[in-house]
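Input sequences plus hints: build the corresponding full structure.
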Amino acid sequence: MTISRDAILDWLKTFAATINENAAYLTQLDSDIGDGDHGANMNRGMQAVLTTLPGIADKDIGSIFKTVGMKLVSTVGGASGPLYGTMFMQMGNATAGKMELTLDDWVAAMQAGYDGVVMRGKAQPGDKTMIDALAPGLNALKVERDNGASIPSALNASASAAQQGMTATIPLVARKGRASYLGERSAGHQDPGATSSCYLLETAAETWNMTS
Amino acid sequence: MKKLINKPEDVVVEELRGIAAAHSDLVQVFYEPNYITRADAPIKGKVALVSGGGSGHEPMHGGFVGKGMLDAACPGAVFTSPTPDQMLEATKAVNGGAGVLHIVKNYTGDIMNFEMAADLARGEGIQVEAVVTNDDVAVKDSLYTAGRRGVGVTVLLEKIAGAAAERGDSLAQVKTIAEQVNAQGRSMGMALTSCTVPQAGKPTFELGDDEMEIGIGIHGEPGRTRMKLKSAHEIVEIMATAIVDDLPYKAGDEVLAFVNGMGGTPLIELYIVYNELYNFLKGRGIQIGRNLIGSYITSLEMAGCSLTLLKLDDQLKALWDAPVKTPGMRWGA
Chain W
1 MTISRDAILD WLKTFAATIN ENAAYLTQLD SDIGDGDHGA NMNRGMQAVL
51 TTLPGIADKD IGSIFKTVGM KLVSTVGGAS GPLYGTMFMQ MGNATAGKME
101 LTLDDWVAAM QAGYDGVVMR GKAQPGDKTM IDALAPGLNA LKVERDNGAS
151 IPSALNASAS AAQQGMTATI PLVARKGRAS YLGERSAGHQ DPGATSSCYL
201 LETAAETWNM TS
Chain R
1 MKKLINKPED VVVEELRGIA AAHSDLVQVF YEPNYITRAD APIKGKVALV
51 SGGGSGHEPM HGGFVGKGML DAACPGAVFT SPTPDQMLEA TKAVNGGAGV
101 LHIVKNYTGD IMNFEMAADL ARGEGIQVEA VVTNDDVAVK DSLYTAGRRG
151 VGVTVLLEKI AGAAAERGDS LAQVKTIAEQ VNAQGRSMGM ALTSCTVPQA
201 GKPTFELGDD EMEIGIGIHG EPGRTRMKLK SAHEIVEIMA TAIVDDLPYK
251 AGDEVLAFVN GMGGTPLIEL YIVYNELYNF LKGRGIQIGR NLIGSYITSL
301 EMAGCSLTLL KLDDQLKALW DAPVKTPGMR WGA
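If you're matching them up, the sequences are chains W and R in order.
Heads up, the first sequence is in our numbering, so the first residue is 1 and it goes up one at a time.
Heads up, the second sequence is in our numbering, so the first residue is 1 and it goes up one at a time.
It is worth saying that the hints were derived from the structure and are not from the lab.
Be a bit skeptical, because a hint or two may be false.
[What the hints assert, rightly or not] Which residues of chain W face chain R? A partial, calculated answer using Cβ under 7 Å:
{"id": "1", "residue": "T27"}
{"id": "2", "residue": "A40"}
{"id": "3", "residue": "A79"}
Where a beta carbon is used, it is the ideal one built from N, C-alpha and C, also for glycine.
Rendered as structure tokens:
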């Protein structure tokens, strides 16, 4: 079982739709501890991505991811632009030339994307950032892969680990980004970046359960 | 939300069109990607200064493009860092062969976007250096925060470094002066009201009629402490004490005192604040050698103010006094 290029395109569309539906919620989370623009920024970026997808639909998965990354860098702004942009560009490097992905390929892509986010943002798990959803999501994916799980069950495990990681940001005191200026007052709020990153892994599980 | 706008999503581009229509003698405006340059850019042999940041802080930065200050400014969406493609194009447009200095306020997004832009510009053979402002004493500077925010000092730095570049200083010299300004400047802000990002449609934080927020940044982000509203005398004492004790500024020092409005505070109140600051500093034996009073680095329609002190020497005074001709700051030219 593999993840086809069409499945990748469907995932990107589903992620864009989820961001669009939850833009106000993400912005509310960001207003609580940041500057109140995460939903609007991510929505602007993913809507821009949607307009570029038809033109690159016949390319390999690596090229698609790289184009998505470049588009996000130039349209999202804030910290999320370079972070999500770098993530997709690195995922593109890891999947260059591929027309479909095995579970191993997907793990490699996620690892490359994760490493890119860490390199660009210099955050560690527990800093109350998107890393807190991505790190457990990636770890669960690796554990499932090592246990010989199917793609849908590995993705489901990854999505629920990301959800737990997202929820676990609530009591944390932020140590990176604008929320860190609040010190102790950042505790008690869910991190908006961890929330959008959770959507990324949830929509992958949703989309590829049906199409794989 | 009550604002003088057409559509929330058109706010930045329509503001840029207004600047282009009003100040074509001073600046040129480019779109997609959005940036503003001096009308006479690039200037051969002169170090070019490029800054940028989220919109909503007007006149900073676009209003400071012109002779004696910035060569280019890149406006992002409201309260959102501009993107690397903007800074790259602006850097290429104003590079006069003597190198380009990026002036970056210390926010996570701004730092990352400017770093990506500098990498891209260097890849195209342009010499790029960056200076980061981080003067906000309200933020604890520790390993556990993103570091102090860049606020009021940014305005002073853009004026002073701009004058240094205009008189022909090298990239290394301009950078050194810029770093000196940042090292010798400290700021703190306070809010009487919140502000509303057009695309969010509602205030970014709630503040009661009898409350104020001390230690706010410039993006509607809440500050460090909320307290009952006090008199201008008490408010200035709280903020000026934090600023003076931080550097620290000592008896005998000469400073530039900058009283800045956050966007929704009238000049009558800013002068009341200035009078309090003047008396406070006099009590500490600190002399105000230069001053700046007005709304220069704002947070949309927020009511409130920020105070910035910059320790002066003869060179900084001369550079401050040098001619400047921009939409938002103009003297001697």
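A quick look at each hint next to the structure:
Taking 7 Å as the C-beta contact cut-off toward chain R, the hint placing T27 (chain W) at the interface holds, the least distance being around 6 Å. The beta carbon of A40 (chain W) comes within 5 Å of a beta carbon in chain R, closer than 7 Å, and the hint placing it at the interface holds. Interface restraint check for A79 (chain W): the shortest CB-CB distance to chain R comes to about 4 Å, inside 7 Å, so the restraint holds.
In the structure shown, no violation is registered for any of the earlier numbered hints.
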